[in-house]
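Asks: Below, each chain spelled out in residue letters.
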Amino acid sequence: MAENYIYTIVKKESLANSIYLMDVKAPRVAKNCFPGQFVIVKMDEKGERIPLTICDYDREAETVTIVFQALGSSTKLMATFEEGEAFRDFTGPLGHKSELIDMPREELSKKKILFVAGGVGAAPVYPQVKWMKENGYSVDCIIGARNKELIILEDRMKPLADNLYITTDDGSYGFHGNVNDCIKDLVNNQGKQYDLVIAIGPMIMMKFVCILTKELGIQTIVSMNPVMVDGTGMCGACRLTIGNEVKFACVDGPEFDGHLVNFDEAMKRVQMYKSEEGKVVLREKEGPTHHHPGCECHDEPVK
Amino acid sequence: MDVLKKVPVREQDPKVRATNFNEVCYGYNQEEAMEEASRCIQCKNAKCITGCPVSIDIPAFIKEIKEGNPEQAFKVIGKYSALPAVCGRVCPQESQCEELCIRGIKGEPVSIGKLERFAADWARENNIKPEPPMIKNGRKVAVIGAGPAGLTCAGDLAKMGYDVTIFEALHEPGGVLVYGIPEFRLPKETVVKTEIDNVRALGVTIETNVVIGKSITIDELMDEENFEAIFIGSGAGLPKFMGIPGENANGVFSANEYLTRSNLMKAFDESYDTPIIAGKKVAVVGGGNVAMDAARTALRLGAQVYIVYRRGEAELPARVEEVHHAKEEGIIFKLLTNPKEILVNDNGWVSGMRCVEMELGEPDESGRRKPAEKQGSEFVLEVDTVIMSLGTSPNPLISSTTKGLNTNKYKCIIADEETGMTSREGVFAGGDAVTGAATVILAMGAGKAAAAGIDKYLQSK
Ligand SMILES: Cc1cc2nc3c(=O)[nH]c(=O)nc-3n(C[C@H](O)[C@H](O)[C@H](O)COP(=O)(O)OP(=O)(O)OC[C@H]3O[C@@H](n4cnc5c(N)ncnc54)[C@H](O)[C@@H]3O)c2cc1C
Ligand SMILES: Cc1cc2nc3c(=O)[nH]c(=O)nc-3n(C[C@H](O)[C@H](O)[C@H](O)COP(=O)(O)OP(=O)(O)OC[C@H]3O[C@@H](n4cnc5c(N)ncnc54)[C@H](O)[C@@H]3O)c2cc1C
Ligand code: SF4
Ligand code: SF4
Ligand code: FES
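Residue numbers (my numbering), protein chains in the order written: chain A, 1 to 303; chain B, 1 to 461.
Just chain A, same shape as in the assembly:
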């Protein structure tokens, strides 16, 4: 019904080839959201409910910033929305805020933190880094992508992170290698020490970061992006195995202790629905040969 069309896009920006940023007017979300949380966007009557991380918010302007990569049918359609147009539905904030936010000051100020962002994962990392800076903590940050083209939010992140490292798989910009190569370089060659890594990006990237940080003995938090429907705990589509327990990412997460996440299962589950032109249908059941649809950035070679 027309009365619902109130979530106006007040700003649209292209960050890279097929990666977009939008500021959306959503007063209730903007008022109560925190870094780490997400929203669900439904573009029109017949659209899907698409979960997207909150990338920034302006409590006064009552806007929430989202960043997405136009890859599947829904996100491609979303990319066609222009400033002044509106989404039919925009629900949130959902999920828990980053645990850093409620951590006692003493504890947090002692921690040496490294944020690791892969591809579109720079979007959810950004508000956390910003929050840390605004609250007087200094952190390091790696942004990695397949190539220079796909590095996003570098300008915004630069003034916020103590040290910002850029890395590309093909070496077209910054450090040559994937984010794991970059972490290894910092720890092994540059004498860096970290107590906590927060890694957000494609599941395959988070998986390999966790394998590495486990070896290095660094506690690691990841943000999971499984398939969701309602985002309020009602359907169970988003369930993950964390340690020996089944958890619902939308209400128990989306952030979890990365060393407890069963990534192989999660990566298979996220392949469950794949797009086909027009109506999205399930196709082959040939296994995880595709990238995670939403935040594909680069494959971490298995080393």
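Treat the hints as calculated values from the structure; they're not laboratory data.
One should not assume that every hint holds.
Calculated lysine to aspartate or glutamate pairs in the EDC-like style (CA-CA distance at most 20 Å, straight line) [to be verified]:
1. A/K97 with B/E220
2. A/K247 with B/E247
3. A/K130 with A/E215
4. B/K106 with B/E94
5. A/K31 with B/E207
6. A/K76 with B/E270
7. B/K266 with A/D44
8. B/K411 with A/D252
9. A/K31 with B/D223
10. A/K25 with B/E35
11. B/K140 with B/E207
12. B/K240 with A/D252
13. A/K46 with B/E270
14. B/K193 with A/E45
15. A/K268 with B/E341
16. A/K31 with B/D416
17. B/K340 with A/E245
18. A/K268 with B/D346
19. A/K192 with A/D170
20. B/K5 with B/E35
21. B/K461 with B/E247
22. B/K188 with A/E215
23. B/K240 with A/E245
24. A/K46 with B/D269
25. A/K247 with A/D264
26. A/K268 with B/E247
27. B/K193 with A/D44
28. A/K46 with B/E189
29. A/K31 with B/E224
30. B/K280 with B/D346
31. A/K31 with B/D219
From a predicted model like this one, the values you see are computed outputs, not experimental measurements.
Position chain B with the ligands relative to chain A; hints supplied.
Replies: Then chain B with the ligands, alone, in the frame of chain A:
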């Protein structure tokens, strides 16, 4: 006409309906309704009324139908219920109003539900709307959840003159009526939408996309947005799983997910973007109404469907009518069967379900016969999709973010049955959030009681 029997109701042929999502039951036309209405003997001390959780004056509305005044009949029902077209379709009448009908002692009871449905459908087709209240008292009440409990509570309060806003987490109001109960039992566009619009016509505002406990808390609603009282009708909550190996494989769904994709997100309709995995061979685990709905949905999406239930036919918790419909349509019942493990192929997809046969032992203290595994009876059921329909446990979103709101050991909100009052001042609750998964009409009854409770509380404040 045989006065001992109900006037039969026309239904879609099972073979045809197994392939479409159109409504199974056509309902009475005016002639049939008048004939059925004439079976009611207008008892002075009408027992049927005591069987209805919202105490509809049943003989009064049936009399109007009999005399050819469906509009009047709709108005009589409207005094008690905001959702008659819904209840006439999904109430378990056989264990409520109709169970106590005097006609049922010798022969079949009056078809109260189908008559109620007729009056409501007639009103919709003839565009009859309930009248908005004349006086407004300007006092603000918030209702959480736009399911049957919330809609009823809101409608009743609006009629009393309150300024009511419903906050709904999803993008459509209706609760289980829109996301759970399938189209072929309860048409959404026509029936559900119209009745929700009727609640709006009473002056109720429905704000969708607001998750209480996340977008805003109950404390903030009271302190910052000046709501003087709150009704929580947030429903039954999180789906349960069995905890058996393979349950997170691709192709295993909760009934909630499967039904939400099909109903709320309209996956069955080609013009919507929602994906759904129809499955070729589907096992639905469970024996309640929800299981029947999931099974019949999968069937319509083209699958061969099994119901796997660990007790026997007599113990199936689903309504008899639903079991009957499911069988007619070709659902295969694997009773006294329990899943042990879901088999998974190399790509992470379901490849079968290992089950064991069960036998019923002696009745325990509660009178229920406990099922026990039959030694050596394990077998593999060849399926590619499994739908778990094992019930729900309460969603902690609201209780964990509201100060002083007490819950019981099952984590359901504790509320007084007569007034809906909770341990927190000014906060009332009812429906599935309080009782655990129950029925539409019980949720409506609770919403109604709470509306009266809220009125009394605010009058005395
Ligand atoms: C908590 C959370 C935060 C997210 N944040 C971001 C973000 O900030 N930026 C971004 O670009 N992406 C994000 N994603 C992923 C994004 O929601 C999906 O990529 C998107 O739904 C895929 O839609 P599509 O139709 O374009 O892709 P398609 O390739 O067409 O996907 C096919 C189908 O798969 C299903 N699907 C696949 N992956 C997902 C998924 N992760 N969630 C829901 N459904 C899925 C959908 O039903 C979809 O129709 C996030 C996901 C989650 C759960
Ligand atoms: C598949 C299925 C079939 C059924 N069949 C029948 C039947 O044939 N007959 C029958 O009588 N009963 C049936 N039932 C049961 C019946 O539907 C429920 O008992 C009834 O809907 C409960 O009403 P309610 O208002 O308490 O909750 P719900 O209908 O669950 O509504 C709760 C609403 O609250 C919203 N909500 C939840 N949390 C929040 C929050 N934090 N903030 C804002 N909103 C929130 C939800 O999104 C939802 O819309 C069936 C149930 C299911 C699932
Ligand atoms: S609301 Fe339900 S219980 Fe009450 S009269 Fe109607 S069908 Fe019977
Ligand atoms: S008990 Fe049966 S016959 Fe008597 S008033 Fe009710 S519906 Fe009519
Ligand atoms: S998305 Fe439905 S329970 Fe998490």
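Asks: Give a verdict on every hint.
Replies: We went through each hint and held it up to the structure:
| no. | hint | in the structure |
| --- | --- | --- |
| 1 | A/K97 with B/E220 | holds, 18 Å |
| 2 | A/K247 with B/E247 | holds, 13 Å |
| 3 | A/K130 with A/E215 | violated, 29 Å |
| 4 | B/K106 with B/E94 | holds, 15 Å |
| 5 | A/K31 with B/E207 | holds, 17 Å |
| 6 | A/K76 with B/E270 | holds, 19 Å |
| 7 | B/K266 with A/D44 | holds, 13 Å |
| 8 | B/K411 with A/D252 | holds, 17 Å |
| 9 | A/K31 with B/D223 | holds, 15 Å |
| 10 | A/K25 with B/E35 | violated, 57 Å |
| 11 | B/K140 with B/E207 | holds, 14 Å |
| 12 | B/K240 with A/D252 | holds, 15 Å |
| 13 | A/K46 with B/E270 | holds, 10 Å |
| 14 | B/K193 with A/E45 | holds, 15 Å |
| 15 | A/K268 with B/E341 | holds, 19 Å |
| 16 | A/K31 with B/D416 | violated, 34 Å |
| 17 | B/K340 with A/E245 | holds, 18 Å |
| 18 | A/K268 with B/D346 | holds, 10 Å |
| 19 | A/K192 with A/D170 | violated, 24 Å |
| 20 | B/K5 with B/E35 | holds, 11 Å |
| 21 | B/K461 with B/E247 | violated, 52 Å |
| 22 | B/K188 with A/E215 | violated, 54 Å |
| 23 | B/K240 with A/E245 | holds, 13 Å |
| 24 | A/K46 with B/D269 | holds, 10 Å |
| 25 | A/K247 with A/D264 | holds, 15 Å |
| 26 | A/K268 with B/E247 | holds, 13 Å |
| 27 | B/K193 with A/D44 | holds, 18 Å |
| 28 | A/K46 with B/E189 | holds, 14 Å |
| 29 | A/K31 with B/E224 | holds, 12 Å |
| 30 | B/K280 with B/D346 | holds, 19 Å |
| 31 | A/K31 with B/D219 | holds, 15 Å |
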